[in-house]
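**Q** Protein chains in written order, with my numbering: chain P, 1 to 398; chain S, 1001 to 1254.
Careful, some of the hints might be misleading.
To be verified - Listed next, the in silico DSBU-like pairs over lysine-lysine satisfying Cα-Cα at most 35 Å (straight line):
| # | chain 1 | residue 1 | chain 2 | residue 2 |
| --- | --- | --- | --- | --- |
| 1 | P | K17 | P | K4 |
| 2 | P | K98 | P | K85 |
| 3 | P | K90 | P | K122 |
| 4 | S | K1176 | P | K98 |
| 5 | P | K309 | P | K4 |
| 6 | S | K1176 | P | K4 |
| 7 | P | K85 | P | K62 |
| 8 | P | K309 | P | K17 |
| 9 | P | K262 | S | K1176 |
Please keep in mind that the hints were generated in silico from the structure rather than gathered at the bench.
Just so you know, these numbers come straight off a predicted model, no measurement behind them.
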Amino acid sequence: MTNKPVSTIRTILTVSKKELTDHLRDKRTATMIFLLSIAMGPIILMGLGYFIGSIEAKAEKKEIYVSGKQHAPELVNFLQRQDMKLLEPKADFRELIKQGNHDAVMVIPADFSDNFLTGDAKVELVYDDTRQSSSGASVGVLRRVMRAFNAEVSAQRLIARGVAPTLLRPVEVQDTNLGTAAQRAAGLLFIIPWITLIGCVTGCTAMAVDLAAGERERGSLEPLLMTPVGRDALVLGKGVAVSVYSLGIAVLTLIGFALTLKYGNLPAIGSVLSLSAAQYGMFFLMLLTFAPAMAAIQMLLATYGRNFKEGQTYATYAIQLVAILPAVAMFAQLKDATWQLFVPVMAQLMVITRLLRGEPTDLIHYLLPAAVNAAIFVVAMVLIARLLRQEKIIFGRA
Amino acid sequence: MIEVRNLSKHFGNVVAVDGVSFTAPNGQITGLLGPNGAGKTTTIRMIGSLVEIGGGSAAVDGHDVSQDPENTRRVCGILTDARGLYARLTARENIRYYAELHGIDSARSEATIARFTNWLDMAGIIDRRTDGFSQGERMKVAITRALVHEPSTVILDEPTNGLDVMTTRSLRELIKRLKAEGRTVMFSSHIMQEVAALCDEIIIIAKGKVCAQGSTEALLAHSGRSNLEDAFVALAGIDEESLSAVSSNAEKAA
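For reference, chain S alone in the conformation it holds in the complex:
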């Protein structure tokens, strides 16, 4: 479970996250929906204790991120857009390295690797060096690496960015599986259909603030629109113009 209370962060004069609060419960998929630069990545980086929390608090499974970052990282599996692999190691070795860093014995990590290899169709690449892997292949290895310690909370930052249809589908299946296993799943995206298809709960973020929160149906009802895209634009309180202004501001901040 992720509990975020009044989370804030600014870089210089640029406010990236401005008083964000939400709860992502166990066994549920929570979507962070927002335009580029809305503050999704910064929020996720704060939960992962990569970025120092500027104000407010975040806790995962009761571990406060600021007070107890190591235990937070122990229960979290986070995939950000930094998905670099070690090119001279095989996919399996890349994943096993992280398993060892998490203190997982090889029997358990091999079992996890076997499961993910099956789910994500990696049999052909698992024992190949990752040099020359396609973007999809890299993502599969990176997500297995991020989840090799079987975390109770899974956070994926724009996981489908740059992926082909087949990989996106297998990723969606994986997300559903993780939910079925009772894990907390949160992922960020700016793709409406994806969020609508997967999420139990959607949090709309724009300009560093939470604009609306609820199920797809609730958000549609609340905004009085017939599709999520229109609802998103209405609820985020943004027209096309200010939307691009927000993006460029946040890019500067990052």
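In isolation and in its complexed conformation, chain P is listed as follows:
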């Protein structure tokens, strides 16, 4: 009895259904990947929130360490009027500052009051500027209060001599920061799309490699290729399966971020950054073509592999590229440019960062990367199907 030909669509569905069932039954791996994906958001955002929060807290600190308060009642009086709380430093503060265990200290010498009226008074600021986390950050507060003190005293002295204090300030400087709070946050929060994109690629590597190199290693490729199913339909079915898996991981990662932003107690981040449902939707749309492209590249690289290990080694290069490209762009301080839309990863990051910064996006920002991804997917699938016609690939290279 001759069996009727099966439609390509049905074959693709059969193959992808089987591959997804097969891989989801690897409960340990699947659970680990899914849990890690969803935990990524909370872990990253909590860490980031703590980091940003501690920097802001330092900058707005109202506590300063002053040694030798009794020598400068005028200064102490001024500081107290500024709502500053004066703390007594520890005895061995110089050593502690060097170790990064003590905030910056203002040292008032014993002869301060005697020299104050003649204009020869000095204070010493002790800090270590290699310790950003402790004394390096808090010395700024000390400098600021001393500038204010100097300004007040000199103004008083000029007024006493009948001179207008504005003489000392020929130009008044007024700060106008155009960066919005959301933009400042976006600088750091581009880590959300970055982590999501990396997750999208790393999460499906094992599956991509298994579908290519693993099938041959298991000895199941040969019988599979002897079914009447066309190579193209077979490869496409596998491509669809890996893409769906990869997209699932990306969506879980995004859910992790979304839940953390919404319900996590993150005053430093939550106040400035909240993504709208539309923004998540846009990002998902971008992933819809990104995930298949990355899945296809890894499958292609893995098909060249002689075995699972070799396939995995090749696929790792794709992951490294995804991880490194954004870092390169960040360090090179690349400005948004059209050519980046042609480079996967960079394109997605650029567009999502614009979304996060509240900057406008055009249709081309979505269509161009999608077209590039689609082209990558199709070319990779065609190449894999072609490779599967080569005896060297089917039976493994000698």
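Put chain S on the given structure of chain P with help from the hints.
**A** Leaving out everything else, chain S in the frame of chain P:
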């Protein structure tokens, strides 16, 4: 029916198959007998369109392998030595996957699976995941998978390799059953008794060439020997020494 005309294949400088011609008719068991590396597997892989035909032609049920590989695969059920199963799927799921790829509805594939489960004594394993299956259990699943689309032509490459006595017996029964159903059955082996016991027609291959062809009786008469093993050595024109040389050559080629 399998018709092979002047089939050839070389890998680099090594000639694996060199002008092989034979016909395996319906309702008959044809044995491909030859030493390791004689070209049996390459011949079978060419018929299954896994390996491109180097020269000559092969056709199954009138479908030319080179011109129409998809229809050839549709009428062929081939079991090679690659018998890998998906470890996280049950035996039934492994088989059903292939049935779906062949476009067979589940009622028909379940009926076939039930029949093979009965024939090959698989009731205890059919709904177990194949992880940890013995070699015999794997072979039973693999052969059911290869034949789930009820092909008119069945080709088995060294099917009894590494199997215990009981499994070998049930496999022999299956081969006889397939013949009784009117299918073309061809299997390769290097085990004389097996070939002698089962085959209607034996094709002896050595060094990529057909050395002799005929029934067991015809081959014995032709060679003037009393048992098939002696006949095989005489007809293949090989002594022990050149036989091992052929094997090592072909292993390199594969």
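**Q** Is P/K309 within 35 Å of P/K4, Cα to Cα?
**A** Judged against 35 Å, a Cα distance of about 39 Å means the pair is violated.
**Q** Is P/K85 close enough to P/K62, meaning Cα to Cα at most 35 Å?
**A** 6 Å, holds
**Q** If you draw a straight line from the CA of S/K1176 to the CA of P/K98, is it 35 Å or shorter?
**A** The hint is violated at about 89 Å.
**Q** Quickly compare the C-alpha distance for S/K1176 and P/K4 to 35 Å and report which way the hint goes.
**A** With Cα atoms ~27 Å apart, S/K1176 and P/K4 stay inside 35 Å; holds.
**Q** Between P/K309 and P/K17, is the straight-line Cα distance small enough, at 35 Å or below?
**A** 25 Å, holds
**Q** Starting from P/K17, check that the Cα of P/K4 is at most 35 Å away, please.
**A** Holds, because 21 Å separates the two Cα atoms, which is no more than 35 Å.
**Q** Does the alpha-carbon distance linking P/K98 and P/K85 stay inside the 35 Å limit?
**A** 23 Å, holds
**Q** Going straight from one Cα to the other, do P/K90 and P/K122 come out at no more than 35 Å?
**A** 21 Å, holds
**Q** Need the status of pair P/K262, S/K1176: alpha-carbon distance at most 35 Å?
**A** 69 Å, violated
Of the numbered hints stated above, those contradicted by the structure are hints 4, 5, 9, listed in ascending order.
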